[in-house]
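Chemist: Each chain is listed here by its residues.
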Amino acid sequence: MGLGASSDPKLSHTAAMILQAIHAGYIYGFSVMEMTGLPSGTVYPAMRRLERDDLIRSHWEKQSIADAEQRPPRKYYRLTAAGKSTLDASRKRYPLLERLIPSEEAKSV
Amino acid sequence: MIRVITAALHALDLSLLQCASLMVPGVLRAEWRREWRSELWHVRRASAPPSGATFGAECDIVAFCLGAYQDAWCLRRHAQRNKPAASLATAPFRGSAAQCLLMLVAVFVTTYALALFQPEVRMATHSSRSAARSGLILIQVQDQEGPTKAVIPFERYRNWSLHSHLDFDGFAFYRMSREEVTAGAEPPSRWRVALSSANLFALLGFPIQLMGNGEISEPGLPQMILSYTLWKNEFGGNPGIVGSLLRIGRRQVKIVGVAADRVWKLPGQPDAWLLEPDLAILGAGAGHIIAHLTRQGRAEMWADRVNITVYNPDHSEQDYLGTSISEHTPTPWDLYRFAVLLALLALPAVTSVSLSEYSVSSHRPPWPRRLARGMYLGGKLTLLLPIAYYASLDCAYWHASQHSPASEYAQLFSTFVICLFGFRWAILDQRQRCPVCLKRVAHPAQVGLASRTFLAWNGTELICTGGHTLLHVPSLPTSWFGAQRWLYLDSSWEFLFAGTDAG
Chain A
270 MGLGASSDPK LSHTAAMILQ AIHAGYIYGF SVMEMTGLPS GTVYPAMRRL
320 ERDDLIRSHW EKQSIADAEQ RPPRKYYRLT AAGKSTLDAS RKRYPLLERL
370 IPSEEAKSV
Chain B
166 MIRVITAALH ALDLSLLQCA SLMVPGVLRA EWRREWRSEL WHVRRASAPP
216 SGATFGAECD IVAFCLGAYQ DAWCLRRHAQ RNKPAASLAT APFRGSAAQC
266 LLMLVAVFVT TYALALFQPE VRMATHSSRS AARSGLILIQ VQDQEGPTKA
316 VIPFERYRNW SLHSHLDFDG FAFYRMSREE VTAGAEPPSR WRVALSSANL
366 FALLGFPIQL MGNGEISEPG LPQMILSYTL WKNEFGGNPG IVGSLLRIGR
416 RQVKIVGVAA DRVWKLPGQP DAWLLEPDLA ILGAGAGHII AHLTRQGRAE
466 MWADRVNITV YNPDHSEQDY LGTSISEHTP TPWDLYRFAV LLALLALPAV
516 TSVSLSEYSV SSHRPPWPRR LARGMYLGGK LTLLLPIAYY ASLDCAYWHA
566 SQHSPASEYA QLFSTFVICL FGFRWAILDQ RQRCPVCLKR VAHPAQVGLA
616 SRTFLAWNGT ELICTGGHTL LHVPSLPTSW FGAQRWLYLD SSWEFLFAGT
666 DAG
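Going down the list, the protein sequences come from chains A and B. Heads up: the first sequence begins at 270 in this note's numbering, then just goes up one per residue. Heads up: the second sequence begins at 166 in this note's numbering, then just goes up one per residue.
Careful: at least some of the hints might be erroneous.
Unchecked claim - Sample of chain B residues at the chain A side, in silico, Cβ under 8 angstroms:
hint: 1; residue: 203
hint: 2; residue: 221
hint: 3; residue: 225
hint: 4; residue: 228
hint: 5; residue: 231
hint: 6; residue: 233
hint: 7; residue: 235
hint: 8; residue: 236
To be verified - Here are some, though not all, of the chain B residues that point toward chain A, as calculated from beta-carbon distances under 7 angstroms:
hint: 9; residue: 204
hint: 10; residue: 232
hint: 11; residue: 239
hint: 12; residue: 484
hint: 13; residue: 485
No lab work stands behind these hints: they were computed from the structure. A quick note: this is a predicted structure, and the numbers were derived from the prediction, not measured. Every residue gets a Cβ at the ideal spot worked out from N, C-alpha and C, and that includes glycine.
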């Protein structure tokens with residue numbers, strides 16, 4: 270007998286936007302800020318919480334790539350499997366999410 | 166110019182990030198800084214035009230950096246939320262006897278270290294270790310108006326010190342003089358110098374601070390001892406001055422130490438003492454003679470005075486008066502002992518000195534446990550005593566430049582307060598320590614109703630978290646329940662303390 274409880278965590282609209290932005294290919298903090306229009310004081314703490322909840326994962330760019338482009342290396346974020354399923358659930362909750370931040374596949378179509 | 170402004174603004178942004186990083190937990194800080202610095206680089210490149218800085222762009226960059234504070238605060242809050250889980254590992258240590266003793270040791274080390282870094286405290290404690298010599302007299306001419314007038318010629322001192330006497334076993338001489346002293350490249354200044362025989366301080370038994378081993382006995386240059394006031398005013402209390410050379414007139418002298426002004430009770434208020442070989446001050450004229458009386462000489466004293474008759478070679482007599490200068494002034498150690506005694510006398514007024522060992526059952530912990538409990542109380546009191554000593558010295562000499570009546574009162578008062586409330590705390594703490602494991606009993610629960618005091622027991626019940634005992638403390642002591650009682654818990658209580666060692 271189900272009580273309708275879902276295992277997917279409920280995300281705030283801001284967190285869902287950030288998750289959608291990362292999914293759409295804006296994979297470092299400043300690009301997420303630019304895409305969502307959210308200030309740094311909102312984006313970075315939200316990304317920490319998403320990473321703590323295992324919805325996204327971070328890794329540092331290789332030093333050699335950064336050196337070749339004469340800039341400091343970036344910290345990139347990507348969605349985990351749990352993050353993808355949470356994003357799917359969030360899209361149902363926030364239907365305009367995909368229109369606000371279209372993903373790469375949607376853009377190419 | 167634009168490049169300089171850009172660099173300055175960049176430094177400002179970096180310093181904002183640096184400040185924010187201080188909020189980030191230590192283990193995450195390095196990576197956090199790296200990420201924000203990297204992001205800042207990209208923000209700056211995207212916001213600022215290549216030609217230079219614009220006000221709008223800089224505002225955007227600063228706003229970006231200010232966001233780092235929210236991020237850092239978020240990380241810190243998250244780390245703090247996880248703390249209680251991590252600190253569970255230290256739970257057995259919390260409230261234990263070892264923790265209490267370690268805290269006392271830490272307080273002792275802190276007070277001792279503070280005392281060590283205060284030269285005033287070092288001087289006060291040093292002088293307290295050197296007992297003032299008894300049997301010292303200042304010799305004056307019988308009809309002399311006042312003791313400050315120096316009338317005894319050096320030849321007289323010379324004559325007396327070369328011969329042995331039944332009543333005296335030592336003489337020293339000094340005379341006051343204003344001398345021009347040059348220290349290094351500084352312009353010369355005039356000091357009041359006590360030109361003294363080399364044995365002056367040895368005879369008086371005055372302590373000399375900051376003196377290296379064997380400095381006073383080192384032959385060669387005349388040796389100078391600075392007064393504490395001069396040392397603070399002229400040399401800023403620099404201990405490194407000891408061993409350096411000064412010039413008095415044409416002579417070079419070596420500084421060998423510093424003497425507290427308060428020890429000097431003799432005529433004249435010297436800025437420094439110059440200890441010279443006798444021959445060097447032979448022609449110095451009249452001065453003061455200090456003598457040390459033998460046991461036989463002390464027997465001749467009456468009301469701190471002794472009459473001395475000197476027979477001259479021409480068969481004439483001259484009368485001198487010896488006045489005792491062995492005035493006893495309380496040392497910090499004396500004050501401390503007196504304050505501790507006062508605190509012990511006042512202790513029953515602030516708490517009951519009973520440890521309330523009363524037990525409602527016939528069970529008593531084995532003697533090693535009782536011994537450990539006694540040793541724990543002894544350890545606390547033993548640590549409290551040096552803490553009170555050094556903490557009171559720290560308080561007394563924190564602002565005082567040297568020993569003074571104000572510092573004496575401050576030391577007396579602070580020792581009394583620390584000892585009184587320290588002893589009170591030690592006893593109260595002991596009463597709330599489980600006799601079995603010495604951990605503090607916890608989780609107080611109010612039992613009974615105050616309105617039924619004469620019908621049933623009411624008070625506070627506390628439990629040992631190790632599951633050994635219950636402590637009952639009555640709210641209102643009655644003839645049938647006057648003091649707190651321990652209830653030793655048997656094995657039937659163990660189910661309440663799952664996961665703890667009830668033995």
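Chemist: Evaluate each hint against the coordinates.
Modeler: A quick look at each hint next to the structure:
1. For residue 203 of chain B, the interface hint holds, since its Cβ comes within 8 angstroms of a Cβ in chain A; the closest pair sits about 4 angstroms apart.
2. About 16 angstroms separates the beta-carbon of residue 221 of chain B from the nearest beta-carbon of chain A, more than 8 angstroms, and the hint is not met.
3. Given the 8 angstroms rule on beta carbons, the hint for residue 225 of chain B is violated: about 10 angstroms separates it from the nearest Cβ of chain A.
4. About 7 angstroms separates the beta-carbon of residue 228 of chain B from the nearest beta-carbon of chain A, less than 8 angstroms, and the hint is met.
5. Taking 8 angstroms as the C-beta contact cut-off toward chain A, the hint placing residue 231 of chain B at the interface holds, the least distance being around 7 angstroms.
6. Look at residue 233 of chain B: its Cβ gets to within about 7 angstroms of chain A, closer than 8 angstroms, so that hint holds up.
7. Using the Cβ-Cβ criterion of 8 angstroms, the hint placing residue 235 of chain B at the interface with chain A is satisfied: the shortest such distance is roughly 4 angstroms.
8. Because the closest C-beta pair between residue 236 of chain B and chain A is about 4 angstroms apart, less than 8 angstroms, the hint holds.
9. A cut of 7 angstroms between beta carbons decides the hint on residue 204 of chain B: the least distance to chain A is about 5 angstroms, and the hint holds.
10. Among the interface hints, the one on residue 232 of chain B holds; its C-beta lies about 3 angstroms from the nearest C-beta in chain A, closer than the 7 angstroms criterion.
11. Annotation: residue 239 of chain B was flagged as interfacial toward chain A, and the flag holds, the nearest CB pair being 4 angstroms apart, inside 7 angstroms.
12. Here the hint on residue 484 of chain B is broken, as its CB sits about 94 angstroms from the closest CB of chain A, past 7 angstroms.
13. With 7 angstroms as the threshold, the beta carbon of residue 485 of chain B stays out of range of chain A, its nearest partner Cβ sitting at about 89 angstroms, so the hint is violated.
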